[in-house]
Amino acid sequence: MRAERDVGAPAIAPVEAAKLDARDTRGDRLAPGSLAAGRLALGAVVVLYLTIVLLGPMGALVTEVSRIGIGEVLLAVLAPPALEALGMSIALVAISVVVNAFVGTIGAIALVRHRFVGRGLLGALADLPLAVSPVMIGLAFLLLVGREGVLAPVLEALDWKIVYAFPGLVIGTLFVTLPYTMRELAYVLEEIGTSEEEAAATLGASAWQTFWRVTFPNVRVALGYGLLMTAARALGEFGAVLVLGGSISGQTQTATTFIHDAVEERALAGGYGMALVLGAISVVLLALLEHLKHRRARALGRTK
Amino acid sequence: MRTADALLPGPGQRALRGLALVYVLVLVAIPLATLVVLAFADGPTVFVERVTDEVARDALVLTLGTGVLVGALNVLFGTATAWVLTRYRFPGRGALSALVDLPLAVPTLVAGVMIAVLYGPSSLVGTTFAAWDVEIVFAKPGIVLALLFVTLPFVVRAVEPVLAEIDVAEEEAAIVLGAGPWRVFRTVFFPALLPAALSAGIRSTGRAIGEFGSIVVIAGNIPFETLTAPVYVFGEIESGAPRAAAAVSTVLLVFALALYVGATWIERKVGARHAS
Amino acid sequence: MSIRVEHLKKRFGDFSTGSAGSAAGFVAVDDVSFEVESGSLVALLGPSGSGKSTILRILAGLEAPDEGRVLFDGVDATHVHARARAIGFVFQHYALFRHLTVEENVAFGLDVRNVPKATSRKRAQELLQLVGLGGLGGRYPSQLSGGQRQRVALARALAPEPKLLLLDEPFGAVDAKVREELREWLRRLHDEVGVTSIFVTHDQDEAFSVSDRVLVIHRGRLEQLGTPSEILDEPRTEFVAGFVGEVNVFPAEIANGEARVGALHAKVGAPDGHARLVVRSYDVKLWREDAGIATVERVVTLGDRVRVHALVDGAGSLVAQFPRRSSLLKNVEPGCRVQVEVTSARAYPRASADA
Numbered sequence: 004m005r006a007e008r009d010v011g012a013p014a015i016a017p018v019e020a021a022k023l024d025a026r027d028t029r030g031d032r033l034a035p036g037s038l039a040a041g042r043l044a045l046g047a048v049v050v051l052y053l054t055i056v057l058l059g060p061m062g063a064l065v066t067e068v069s070r071i072g073i074g075e076v077l078l079a080v081l082a083p084p085a086l087e088a089l090g091m092s093i094a095l096v097a098i099s100v101v102v103n104a105f106v107g108t109i110g111a112i113a114l115v116r117h118r119f120v121g122r123g124l125l126g127a128l129a130d131l132p133l134a135v136s137p138v139m140i141g142l143a144f145l146l147l148v149g150r151e152g153v154l155a156p157v158l159e160a161l162d163w164k165i166v167y168a169f170p171g172l173v174i175g176t177l178f179v180t181l182p183y184t185m186r187e188l189a190y191v192l193e194e195i196g197t198s199e200e201e202a203a204a205t206l207g208a209s210a211w212q213t214f215w216r217v218t219f220p221n222v223r224v225a226l227g228y229g230l231l232m233t234a235a236r237a238l239g240e241f242g243a244v245l246v247l248g249g250s251i252s253g254q255t256q257t258a259t260t261f262i263h264d265a266v267e268e269r270a271l272a273g274g275y276g277m278a279l280v281l282g283a284i285s286v287v288l289l290a291l292l293e294h295l296k297h298r299r300a301r302a303l304g305r306t307k
Numbered sequence: 013m014r015t016a017d018a019l020l021p022g023p024g025q026r027a028l029r030g031l032a033l034v035y036v037l038v039l040v041a042i043p044l045a046t047l048v049v050l051a052f053a054d055g056p057t058v059f060v061e062r063v064t065d066e067v068a069r070d071a072l073v074l075t076l077g078t079g080v081l082v083g084a085l086n087v088l089f090g091t092a093t094a095w096v097l098t099r100y101r102f103p104g105r106g107a108l109s110a111l112v113d114l115p116l117a118v119p120t121l122v123a124g125v126m127i128a129v130l131y132g133p134s135s136l137v138g139t140t141f142a143a144w145d146v147e148i149v150f151a152k153p154g155i156v157l158a159l160l161f162v163t164l165p166f167v168v169r170a171v172e173p174v175l176a177e178i179d180v181a182e183e184e185a186a187i188v189l190g191a192g193p194w195r196v197f198r199t200v201f202f203p204a205l206l207p208a209a210l211s212a213g214i215r216s217t218g219r220a221i222g223e224f225g226s227i228v229v230i231a232g233n234i235p236f237e238t239l240t241a242p243v244y245v246f247g248e249i250e251s252g253a254p255r256a257a258a259a260v261s262t263v264l265l266v267f268a269l270a271l272y273v274g275a276t277w278i279e280r281k282v283g284a285r286h287a288s
Numbered sequence: 236m237s238i239r240v241e242h243l244k245k246r247f248g249d250f251s252t253g254s255a256g257s258a259a260g261f262v263a264v265d266d267v268s269f270e271v272e273s274g275s276l277v278a279l280l281g282p283s284g285s286g287k288s289t290i291l292r293i294l295a296g297l298e299a300p301d302e303g304r305v306l307f308d309g310v311d312a313t314h315v316h317a318r319a320r321a322i323g324f325v326f327q328h329y330a331l332f333r334h335l336t337v338e339e340n341v342a343f344g345l346d347v348r349n350v351p352k353a354t355s356r357k358r359a360q361e362l363l364q365l366v367g368l369g370g371l372g373g374r375y376p377s378q379l380s381g382g383q384r385q386r387v388a389l390a391r392a393l394a395p396e397p398k399l400l401l402l403d404e405p406f407g408a409v410d411a412k413v414r415e416e417l418r419e420w421l422r423r424l425h426d427e428v429g430v431t432s433i434f435v436t437h438d439q440d441e442a443f444s445v446s447d448r449v450l451v452i453h454r455g456r457l458e459q460l461g462t463p464s465e466i467l468d469e470p471r472t473e474f475v476a477g478f479v480g481e482v483n484v485f486p487a488e489i490a491n492g493e494a495r496v497g498a499l500h501a502k503v504g505a506p507d508g509h510a511r512l513v514v515r516s517y518d519v520k521l522w523r524e525d526a527g528i529a530t531v532e533r534v535v536t537l538g539d540r541v542r543v544h545a546l547v548d549g550a551g552s553l554v555a556q557f558p559r560r561s562s563l564l565k566n567v568e569p570g571c572r573v574q575v576e577v578t579s580a581r582a583y584p585r586a587s588a589d590a
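Residue numbers (the numbering used here), protein chains in the order written: chain Y, 4 to 307; chain R, 13 to 288; chain X, 236 to 590.
There could be a bad hint or two in this list.
[Stated by the list, open to error] Estimated spans, in silico, between C-beta atoms of each pair: (1) R:105 with Y:196: 31 to 37 Å; (2) X:357 with Y:127: 51 to 57 Å; (3) R:199 with X:540: 45 to 51 Å; (4) Y:62 with R:143: 21 to 27 Å; (5) X:497 with R:179: 46 to 52 Å; (6) Y:223 with R:266: 35 to 41 Å; (7) Y:73 with R:266: 47 to 53 Å; (8) X:462 with Y:124: 53 to 59 Å; (9) Y:193 with X:309: 37 to 43 Å; (10) R:206 with Y:41: 18 to 24 Å; (11) R:197 with Y:73: 46 to 52 Å.
In short, the hints are calculated from the structure, not lab data.
Fair warning: this is a prediction, and the values are worked out from it, not measured in the lab.
From the three backbone atoms N, C-alpha and C, an ideal C-beta is built for every residue, glycine too.
Just chain Y, same shape as in the assembly (with noise of 0.2 Å):
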């Protein structure tokens, strides 16, 4: 895998991200008046297109449930079931982040400043899960070790419950967050070269000194960078964690599950106030996202 980042994390390349912002549009100033009818035709069809597919559905949810009443909304999202399934989520954010921050940073290095049999492998496995569906997920891992799975003997053996407990969300969880922060620290570290690195060692720094002293601070931003992507991919994860955990209120019942079965039980005012639960993370979570995109381009831009 060379370090793209589109696919899933289609964050614009840092560098240029800067030039947006100081984007010259002497072009269009150069262009005859007559044009101003067309563009402004034009800015209308995209921001019509984009009420229609966007705007619109965020803002119709924040209607639809002032208009069910605020009380009613919180009361169901404050009730055991919600905060309990919602507690569930953030503990399987963490865990993603936490063991994506380690794998991830290994596996980054690895790809770019290593040379071994089996590099192209782990490129390529580290991308898969973005052109995997969710459900699919779920079912390659309920065949392998579901209770009629491949390992279920080895399973029964050790007492060991992965699907429809807690232990199978968590992997469902870990597989679709594999390729965000990997692939964000990828292209840093080869956006960053390597004579940062090549100078530590001939002033006298171990592996480990270079690493921490010179290669982590120049790709902390990116590390974080991927990391929010890893916790919204990780709140966000619904198929892969249906069928690994079948939604067992109180046990394996996240918030995207929570969410799925109230609305099935026409339990609005708990299924629609979770979702913009869901929703207001999300949107912090992407001023983030944007903060740490700008900071990330000017780090980049800053010369070597």
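Start from chain Y and add chains R and X according to the hints.
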């Protein structure tokens, strides 16, 4: 970029790398391999039967059809959006640009709920369209809308940097030489934008065919009408037919991989052309 | 510290990039051996891709040679890791640690050895004074100019008191004017500090003006090792003759120690037969003479020098270079006939008349 010999890993680093490799193999390779192997475990004929089952086949066709449609729409509207966001100045531009990233952060299920609320049969929009006998939610348009939401950032984010990279001087040169706006677009912008938009569009199709969370809420999952392949797979799992589910999954996986490889190929070709 | 390099060979194969190319890759360093005296300032001079940077990096321990040995003070250091070699390395693009202050950068080599902070900071300040950046310790690299950054890089490399200083095209990324100043300054610094230093450059002026001795590298091979005047006046190979100084090259025939091409002739110490005649532009005398053998095409004034482009009968274009006030240039103008005399030339054998 070649790593200097002095920076190559020592035994400690190599051990860590080995652990990461094992992690990835166990987490990704083995489960997926199991899926594919078991899909064929009952023999190739059964595999084909399962995949060509009426409902399954229709689901696959629907999935691919909507996926391709969404990819095409993304190429068109995504490029337009990137154009407007990059080249125009207007109040709220920054916020709008940030919001384009929102589908990446929002759970797909929540996206489905939001679309259902706005376009559902009991909403204002829903009832208006119902008067014209057009169903959005619980019908194909709803699926397309959900997929458009989920894949919104793909083409926009891929095209923006390409647009920003284009030298203003090229554009000015064309204008000074007398080219009208369409000509300028065709000569200066189109060749650079096309590969980026196309490969991102293909990636968005790959993403769309696997979409589950938003579809399952708003589509109604009516066989032959609004049942997509991922939802069909889910149904088969629920009804205790995991092997059938595995068969259809394998087909989906193959398509997704083919699309991914295609997009990468386009990107490499463009990259190579720029490098030479 | 004295350096000795024996039969160094390094080849780069194709690997991660999957680039199209032979399985053998390409040879960067092809059997290079030389010695450097302790305390001297030596230049590795050669065109891009000649392998000079690779040799430098092998000396630093950043690359490992496929074959050969590197000895420091007679001790085999070939397989010693870069971090254990007590060398200082200055990179072409500075490679300053972007998130550390200037002072922290300079102190880095001491900090990683767990030298007490007070001591390392003090030494950093000393070095910053030495390189003329005394008050800038608190700034970040992005806040400095190119020349300043390069001096920080030098201070950083010198802080741990290395026994060998290696510089990779140290002034390549800097403006021309700043480059001149930095060269002077490097020479003076070396004289003061006394550390054995080797630097890589593709600029002959730089190599000749700064160093004690010059190694000319071409295609991974050592073409010649000597003082600047030895290289200029006694080039040992055709490449050295052609690469250094401005030259005219003609296909010529040698008979009885004299090379002839068209109306041009010169005394050379080469065997009879086909040869390539190499004439330095300042080894040519010409003056206005209607019965001369060449016609002037252009006269170009460059600051303190003048270049005369002339067409020699039967031989082709010739460039001659004079100091501006030279009396030889009297009345020389485009279109006039001139007589040409070659005061010094070298000839290198060719296989056939067309080689």
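Residue 462 of chain X paired with residue 124 of chain Y, Cβ distance criterion 53 to 59 Å: holds, 55 Å
Is 35 to 41 Å respected by the C-beta to C-beta distance linking residue 223 of chain Y and residue 266 of chain R? holds, 39 Å
If you check the beta carbons of residue 62 of chain Y and residue 143 of chain R, does the distance land in 21 to 27 Å? For residue 62 of chain Y and residue 143 of chain R the Cβ distance comes to about 22 Å; the hint holds.
Range first: 37 to 43 Å. Now tell me if the beta carbons of residue 193 of chain Y and residue 309 of chain X are that far apart. holds, 41 Å
Given a hint of 46 to 52 Å, does the C-beta separation of residue 197 of chain R and residue 73 of chain Y actually sit inside it? Since residue 197 of chain R and residue 73 of chain Y have Cβ atoms about 49 Å apart, the given range 46 to 52 Å holds.
So does residue 357 of chain X sit 51 to 57 Å from residue 127 of chain Y, Cβ to Cβ? Once the Cβ atoms are compared, 52 Å apart, the range 51 to 57 Å for residue 127 of chain Y and residue 357 of chain X holds.
Is the gap between the beta carbons of residue 497 of chain X and residue 179 of chain R within 46 to 52 Å? holds, 49 Å
Quick check: does the Cβ-Cβ distance between residue 105 of chain R and residue 196 of chain Y fall within 31 to 37 Å? Check passed, 33 Å falls within 31 to 37 Å.
Do the beta carbons of residue 199 of chain R and residue 540 of chain X sit within 45 to 51 Å of each other? holds, 47 Å
Note whether the CB distance of residue 73 of chain Y and residue 266 of chain R lies within 47 to 53 Å or breaks it. holds, 48 Å
Assuming the hint says 18 to 24 Å, is it satisfied by the Cβ distance from residue 206 of chain R to residue 41 of chain Y or not? holds, 21 Å
Comparing the model with each earlier hint shows no violations; every hint is respected.
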